[in-house]
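From just these sequences and the hints, can you work out the full model?
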Amino acid sequence: MARRGRTERPEAAATETTDDIPGGGRAAARRAARGGGRRRKKPTGARRFLRPVSIAVGITLVAGCAGGYLYLQRLNGNIDESDLYAGDYIPPEAAADAQGRTPLNILLIGTDSREGTGGQYGNMEITGWGHNDVNMLLHISADRTEAVAVNIPRDTVVDIPECTDGDTGEVYGAIRAAFNDSMGRGGPGCTVQTVAELTNIRIHHFLMVDFQGVKDLSTAVGGVTVNLCEPIRDEDSGLDLPAGEQRIAGEDALAFVRTRKSVQDGSDLGRFNLQRQFLSSLFRELTSAGTLLDPTKLLPIAEAATNSLTVSPELGSVTALMGLAQELGGISPDDVRFINPQMQDSDEIDGKVELVQPQATQMFDLIAADQPLDGGGEEGEPAGEASGSPEPSSGESPEPDASASAPAEGADGTEEAAEDGAAEDGAEADGGAIDTSSVDPATVSTVVLNGTLTGGKASEVAEHLGEHEFTATTGNAATQDVATSTVAHAPGEEAIGLAVAQAIGLGEDALEESADLAAGSVTVTIGADFPEEMPRPTPSALPEDVTVHDAAEDECTSGYTGVRDA
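For what it's worth, full-length UniProt numbering labels the leading residue of the sequence shown as 1, then goes sequentially.
Take these hints with a grain of salt, some might be off.
Said to hold, decoys possible - Calculated pairs, EDC-like style, for lysine to aspartate or glutamate (alpha carbon to alpha carbon, straight line, at most 20 Å): (1) K352 - D159; (2) K457 - E532; (3) K457 - D440; (4) K261 - E230; (5) K352 - D112; (6) K261 - D112; (7) K261 - D345.
No lab work stands behind these hints: they were computed from the structure.
If you're wondering where the values come from, they're calculated on a predicted model, not measured in any experiment.
If you want it as structure tokens, here you go:
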């Protein structure tokens, strides 16, 4: 992939709600297609995790302005911050939808650092940042009605890029190693950098929690309910639980999420099922009436949550976390998917695993393009086809549009949503973005002209457009010293022009209207600034062997079977 200069971090901006989206957004459309109709929304995901914090802070503020302010500052002081990226490359922002909204991607990290644990958990040499033991990429759809959590196992062999530690300035060279080595090469920013370059997905925030955080949060809510198909006893983690439903907290909760060798095939893939069950139960406890109406629980939860978090700088306050929670408030459990990508044993490093290709790239491309990932309602079923035409993102790293990717401090989430309906062909939607969803590549006639001295460039671009189902012919521009690449379209056909531009890594700023072009015709002129790499076509569906779990599932987790079962 092209390595370009670092783009600026998204500035905080007001969030928008999904209340005015017709039919409740694409999640409602997917349920309607299944015959489920529209369901009452329930809070979940990050909102379930952060909402008690905001309520606790609100109670304190009401109790007294001066005391409330001091307590808020104390909670803010509990939160640690670290740089979001530790390298130069930041993937491009996803193309905006018809209302001008873009998806939100958050990396959730669990660290195995033993610092401050008093020698209770094995290898005491693991201090400082530790290793990124748990890694989940949380993708929130642009309309904020769906979420996907992708597990990236710690033992995955990956290319860890060059990273710079923001605290010490130390530069770590690029290596190929197990993914959980990334944390020790520049902190969580290097883990984010590794995921960004592995997936080519723009990461907007990260949240990291340590051992103590798992213990404190589970204790603060009064324990969480888990369900085991058979007894599990694991000598490494110390877990010793009988079969059936039971409540766990503190040390048992930490042992539960750390247990690996005694679950399914003894790998991180099996452990993910325990972690998924634990998180779902914790979310339910955090939002139950018994918790929300009990200030004696809420304040300890606020303390535990903020004490255990390390976040990227734009989330470094309780107010910012509240804004994020409000932004994610429209997602229900039925619209949250957990995905374990298909893995295979590594032939490079013994005892490690690798992502199966091209399936992994297809999955990440779907997420990057914000296409729906649907498991068909059955565990292990292949994902349904993505709806609508894909909107490939730019090959450049554009100036970020923060309106849908970063919460504002104090944002109340009441910014008015865009008007109903998509724009007509060639027109802009009410939100200001050009809607390309109705463009049929088969009806577009494209000419690609080479305005550079690089031989064969026009043919290369034409061939790439063919992969996106456009038909293109080639030629040379009037001069071979063209500085700026352009995409000329017929009058009123901005959508057609943008669809072609996005397919080859150009943006809206490359569009030019030409009265000399007939309807349905586009002329691409390649200039010196043409992207080094063009975006891949977005797959129509997840590979069949990628397992999708629904967050609403309530099944027991099996103990050791020796069989890998995602």
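Query raised in the report: Which hint numbers doesn't this structure obey?
Result: 3
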